[in-house]
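Since chain U is already given, all that's left is putting chains W, Z, P, V and A on it; use the hints.
There are 6 protein chains.
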Amino acid sequence: MATTEPMAPRPVELTDHIKSQLNAVSTATLAYQLQARGIRNFFFSGLKPTRPQRRMVGHALTLRFVPMREDLKPQLAAGFNAQRQAFEGIGPDEVLVIGARSQPDAGTLGDIFATRARSRGAAGIVTDGSLRDTPAVQAIDIPIYHRSAHAGTLGLLHLPLETNVPVACSEVLVMPGDIIVGDAEGAMVIPAALVEEVAEAAAEQELREEFILGRIEAGESTTGLYPLSAERLPEFEKWRAERG
Amino acid sequence: MATTEPMAPRPVELTDHIKSQLNAVSTATLAYQLQARGIRNFFFSGLKPTRPQRRMVGHALTLRFVPMREDLKPQLAAGFNAQRQAFEGIGPDEVLVIGARSQPDAGTLGDIFATRARSRGAAGIVTDGSLRDTPAVQAIDIPIYHRSAHAGTLGLLHLPLETNVPVACSEVLVMPGDIIVGDAEGAMVIPAALVEEVAEAAAEQELREEFILGRIEAGESTTGLYPLSAERLPEFEKWRAERG
Amino acid sequence: MATTEPMAPRPVELTDHIKSQLNAVSTATLAYQLQARGIRNFFFSGLKPTRPQRRMVGHALTLRFVPMREDLKPQLAAGFNAQRQAFEGIGPDEVLVIGARSQPDAGTLGDIFATRARSRGAAGIVTDGSLRDTPAVQAIDIPIYHRSAHAGTLGLLHLPLETNVPVACSEVLVMPGDIIVGDAEGAMVIPAALVEEVAEAAAEQELREEFILGRIEAGESTTGLYPLSAERLPEFEKWRAERG
Amino acid sequence: MATTEPMAPRPVELTDHIKSQLNAVSTATLAYQLQARGIRNFFFSGLKPTRPQRRMVGHALTLRFVPMREDLKPQLAAGFNAQRQAFEGIGPDEVLVIGARSQPDAGTLGDIFATRARSRGAAGIVTDGSLRDTPAVQAIDIPIYHRSAHAGTLGLLHLPLETNVPVACSEVLVMPGDIIVGDAEGAMVIPAALVEEVAEAAAEQELREEFILGRIEAGESTTGLYPLSAERLPEFEKWRAERG
Amino acid sequence: MATTEPMAPRPVELTDHIKSQLNAVSTATLAYQLQARGIRNFFFSGLKPTRPQRRMVGHALTLRFVPMREDLKPQLAAGFNAQRQAFEGIGPDEVLVIGARSQPDAGTLGDIFATRARSRGAAGIVTDGSLRDTPAVQAIDIPIYHRSAHAGTLGLLHLPLETNVPVACSEVLVMPGDIIVGDAEGAMVIPAALVEEVAEAAAEQELREEFILGRIEAGESTTGLYPLSAERLPEFEKWRAERG
Amino acid sequence: MATTEPMAPRPVELTDHIKSQLNAVSTATLAYQLQARGIRNFFFSGLKPTRPQRRMVGHALTLRFVPMREDLKPQLAAGFNAQRQAFEGIGPDEVLVIGARSQPDAGTLGDIFATRARSRGAAGIVTDGSLRDTPAVQAIDIPIYHRSAHAGTLGLLHLPLETNVPVACSEVLVMPGDIIVGDAEGAMVIPAALVEEVAEAAAEQELREEFILGRIEAGESTTGLYPLSAERLPEFEKWRAERG
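Protein chains in written order, with this note's numbering: chain U, 1 to 244; chain W, 1 to 244; chain Z, 1 to 244; chain P, 1 to 244; chain V, 1 to 244; chain A, 1 to 244.
Okay, chain U solo, but in the shape it has when bound (with noise of 0.2 Å):
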């Protein structure tokens, strides 16, 4: 584990009580409560996990990836460049999300800096890019959320240009710090500032469901159960109260 300083700022506390709600949520409940407090555009589409039976929790740490140029290789892909800091300079609680315009056609990471981001304690990678060796990554102990397979480098396409500033990934805004969580259906981002409420709403929101759903299962009708009407809360806080 890495005992250096963390990278991305915190904006918040994950404290071990947000970040165990969080893990006990899908994605779904957790967007039913964004899109309910007006956010529209958080879900990474298109993007699948190498570890769909893991869960991922963590601080935004960005790194922004622009069109290649070649006469800015130099300058820009060489020595300690923004790609090298994200993966040396990544641990806990952070989640490396990296922008690069969606696009399929190039390499964003490889083995290596998988190995590199686990070895420092990071909680996940998120890049709408494509992944490199990944029959070997999808060996790697830590969830990444990618687009594509592609063998080639970045280099086809990208140049790292900096770390820490908002990035656009799948067409999603990232701010560095925001929290991402992702599990077996995709990845996304909670807004910093919201992140306690809708740790809490999603908790609430998972049990009704999954009361619900018992009923369901049970044969029931959605109608009056689902969302739970006024009639069926007692029957709701009773099963709650007996479930401990």
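Check the hints yourself; a few may be wrong.
[What the hints assert, rightly or not] Straight-line C-alpha distance at most 25 Å; calculated DMTMM-like pairs for lysine to aspartate or glutamate:
1. Lys48/A - Glu171/U
2. Lys73/A - Glu171/U
3. Lys48/V - Asp141/P
4. Lys48/Z - Asp141/U
5. Lys19/A - Glu196/A
6. Lys73/U - Asp71/V
7. Lys73/Z - Glu197/V
8. Lys73/Z - Asp105/P
9. Lys48/U - Asp105/W
10. Lys73/Z - Asp71/P
11. Lys73/P - Glu162/W
12. Lys48/P - Asp105/V
13. Lys48/W - Asp105/U
14. Lys48/P - Glu171/W
15. Lys73/P - Glu196/W
[To be verified] In silico contact screen, one side only, chain Z against chain V (beta carbon under 10 Å); selected entries:
16. Gly38
17. Asn41
18. Phe42
19. Pro67
20. Leu159
21. Val167
22. Leu194
Hints listed in this document are in silico derivations from the structure and should not be mistaken for laboratory results.
For each residue, glycine too, the CB sits at the ideal point set by N, CA and C.
Using the frame of chain U, we list chains W, Z, P, V and A on its own:
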């Protein structure tokens, strides 16, 4: 199992004989038979099943989504709206076909409605939009053909409009009551009026291809064998007789 | 195994040594070596294998499809047409590369032709169109890289035109006889004239990356290690010597 | 001019006052007013007018096309089908809105139907598909908003299904009777229930922007001026009074 | 004018009679006649002419571009390569048809080659890629159908491969010697073997439509008139006789 | 004209000599020179000018838009935000380059900001998004390169983030201060460090092509002439001397 009247029209009877024929042949073989009858546009391109090992056969119960318009949300999305009507009305031998303009960026159903459909005995679901709660839905024993996974709800892009009208699903026209078939390759529509002859011809074709494949596996050339030439027909007939 | 003359040209000899090198390195490593030699466009983007655990290496036997035109169907699709020539002519150390203009909405081969290719000892198949009978094809022991699954036949969109001509496959140019390699990441072309040096350099690179990855897994930084600096070279050479 | 009953519903009256307001403001200004009321999806993206110098205002008479299916052609494309109903029924103050799933690769109307619509006094036509006989249609004095030019007929991709139902046109929902407006920028829908207040507010906004633009042209900064600050309001009111 | 042998094959003779028929009818009418003969894929979608007022008729001289591969540039792009062969070989009654895989992001010809084609008397050019030097080319008196304008050269994406082979242009198959026609709507192919009967039938259809359009402009309904019913035929025949 | 300090950086001086060279050559010629120096990605594909007859030359003043996120609207879109900073800061010899992720479905500027830019003496504007108030903007004497026309405002899809940072515009990287050039073909970037030599080489190339074009127009072959062979060089030099 639901005991109500069937919701989808029954322009033809889906007899046990036809059902068992359809369950025994591949969508590829059915596609060949439709193309031989001049039908070109029948396969729901780009959709994949949650349960590739399950076969799906049933009459189309259609559900038409239209683009979200905020002023119409109270009128179209509230109460016993078209989406709810479909999921509360569907029954055995029926496949829900959702026309959602092939949009990948919003869920069109989730685990609660999927459970309700299974509970009512529905044969399956086809949506040309996204699935929501995909990890939970994967565990429900009903085949669902969908474009992608997206945590966002319907309301990001869609309003439910009406059921049992013609719909475009993955740019394929489906009439209420048409026959929908699915296997691990994907799902497709068979026009109701053609289902009897197509099922019959497909069963015959499948038998021939079993014979042919056996010969190819034994090392023979495809020439004269695939398609079956007049010279090889007696051999096939003999094989068929012996096979019983 | 077929005993006929090879159908694809052999601009270079694919020796056992080169084959074993190519089988031991990833497409990502080969991609790096091609890019280092100024080649940018070599990876068949968007295609996935039926057999991700199998490696594929062979000379390209090309097959060019052109858009369907009904008046030319009798002339181009009948008899011993180009598709049949390819599948009846292919043999060991050959990979069939089908250029189908990246169209996802029609099958380009199915289980019978796939079986015939395997039976003739072909090393694999790459198509930038769809696969048909996909569930059955998955069970055949030959790797097939394809864009998607579609039950419809060739004739919805394509006519077979000719074999052993240059083709564009997933917008990558393949010359007859070029070397095609595939792993779980995807498939790519290596220009015939470059294969010997690329295979050699890739084997060396793979060894270095194995060393580097071991160090990264042990918790080291990528700085000075990846890529390998002059300072670390002796350590690598020692590791290589001990490894034997 | 036709003397029949109006074909499209009239959920609101399109008074001369409202019409003159709508004719005097740009679609950009109307767009601003809809967005201010929470409507986000109203502009027919990607369509261009045959007559950019003409304004278009009228009630939506809708026509829904569905994907071609050869077996349904006799039933849906023959006789007094939905396309013919629309063109023979349309009249003054009506705009035909064709929902053709945004397909660029088949004509959806040509010079004869365009002439018929003009002859019946229609206010205009919007299709999210292609125009046919485009050179001839350019010469007909009726504004037609369309995606592209294509010589092929409807039957390549479409069947006419029904009129006066909700349609998706360029992924925008149009209800029969809604108000359609077009200028050289493009065309858009105004929900019928909002048209009176939107027209009023747009007229006021256009006046302010005329004042603002005059100041900007005179070299002023946009700060405090656009949008108009409280400080500048008296100046605007004076300008308005003098302008008369 | 060039005096060399024609470069494109002449599977049929393009007589003055056929040429004058093709020049007098629209591509929309020709499209109708091809569709009536079962041809569905003939129009070069998405291409626009530099000279919309000019008609274009000629035999297809084809030129096939393949994706750039840097190692093959010396072999395919140098000397008297396929592009140069085409522009130095084309002559009167010939239309150069370039198949460039519909790529919008690189020029496929510029002002110098366009001038050379005009100087050799070529009837026109169709490219499914971009035009370069577009402002200068607009001033050259030869119709060029193209997808877009792009300042970059061929070498960004393409290599010239060969002439006088079948090509896919805008996903339409063109055989060398086929007849290419263009007007302000766009350009299309007529299979050589069909040109005589299609031209004849189109001329007849155009005459009928002129009669019909006159009646529609006079205020008549399309019913019974378009298409022309048996009842109206004598009236048309009288009009035709009087028209002379 | 504004008298403030230039807002965009000036990594090189855009002398009158360089400006007159850039104004005298086509973007196609400049493109050739960039490609000759290994730059591949410089042309803003898919954008068209409001004023094709005007040339545009200036330093890039960049403006970066990010995807709309409703919770950040108060923070990023209010007050003297990045969009306003750009339009109130731009001046002579500067071209505003807006990176809007190539989205066609929302306006990125309208007539008021366009007027303000012209009033401040800006050389032009490039946006890879849409223009708003397009009919009014067409009348303003400043060249604007844009993707399409859309009546909706910025807020449908975008938030203004920052100025004078590297931006991706039509997937081309632009650094603040780079040189932007536009003609009727489109617009492109010239890396600041290359502008002097590229302008010089382009002027020479343009002269040669004028000579070549004259010979081609006179009926000569392109062979040996285009590109100019050593044999023809003296003739060109003579022509150049006589031309003066």
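Are the Cα atoms of Lys48/V and Asp141/P separated by 25 Å or less?
-> Measuring from Cα to Cα gives roughly 23 Å; hence the hint holds.
Keeping to a limit of 25 Å between CA atoms, is the pair of Lys48/Z and Asp141/U held or broken?
-> With a Cα-Cα distance of about 23 Å, the restraint between Lys48/Z and Asp141/U holds, given a limit of 25 Å.
Is the shortest C-beta separation between Val167/Z and chain V less than 10 Å?
-> holds, 8 Å
Is it true that the CA of Lys73/U sits at most 25 Å from the CA of Asp71/V?
-> holds, 22 Å
Has the given pair, Lys73/Z with Asp105/P, been kept, meaning a C-alpha gap of at most 25 Å?
-> holds, 22 Å
Holds or violated: Lys19/A with Glu196/A, Cα cutoff 25 Å?
-> Since the Cα atoms of Lys19/A and Glu196/A sit roughly 10 Å apart, the hinted pair holds (cutoff 25 Å).
Taking the least C-beta to C-beta distance, is Leu159/Z closer than 10 Å to chain V?
-> Holds, about 7 Å.
Are the Cα atoms of Lys48/A and Glu171/U separated by 25 Å or less?
-> OK: Lys48/A and Glu171/U at ~24 Å, within 25 Å.
Is Lys48/W within 25 Å of Asp105/U, Cα to Cα?
-> holds, 23 Å
Holds or violated: is the Cβ of Pro67/Z closer than 10 Å to a Cβ in chain V?
-> With a minimum Cβ separation of about 5 Å from chain V (threshold 10 Å), the hint on Pro67/Z holds.
Mind checking the CB of Asn41/Z against every CB in chain V and telling me if the closest is under 10 Å?
-> Status holds, d = 6 Å.
Are the Cα atoms of Lys48/P and Glu171/W separated by 25 Å or less?
-> Status holds; Cα separation ~24 Å.
Hint check: no violations occur; every hint is consistent with the structure.
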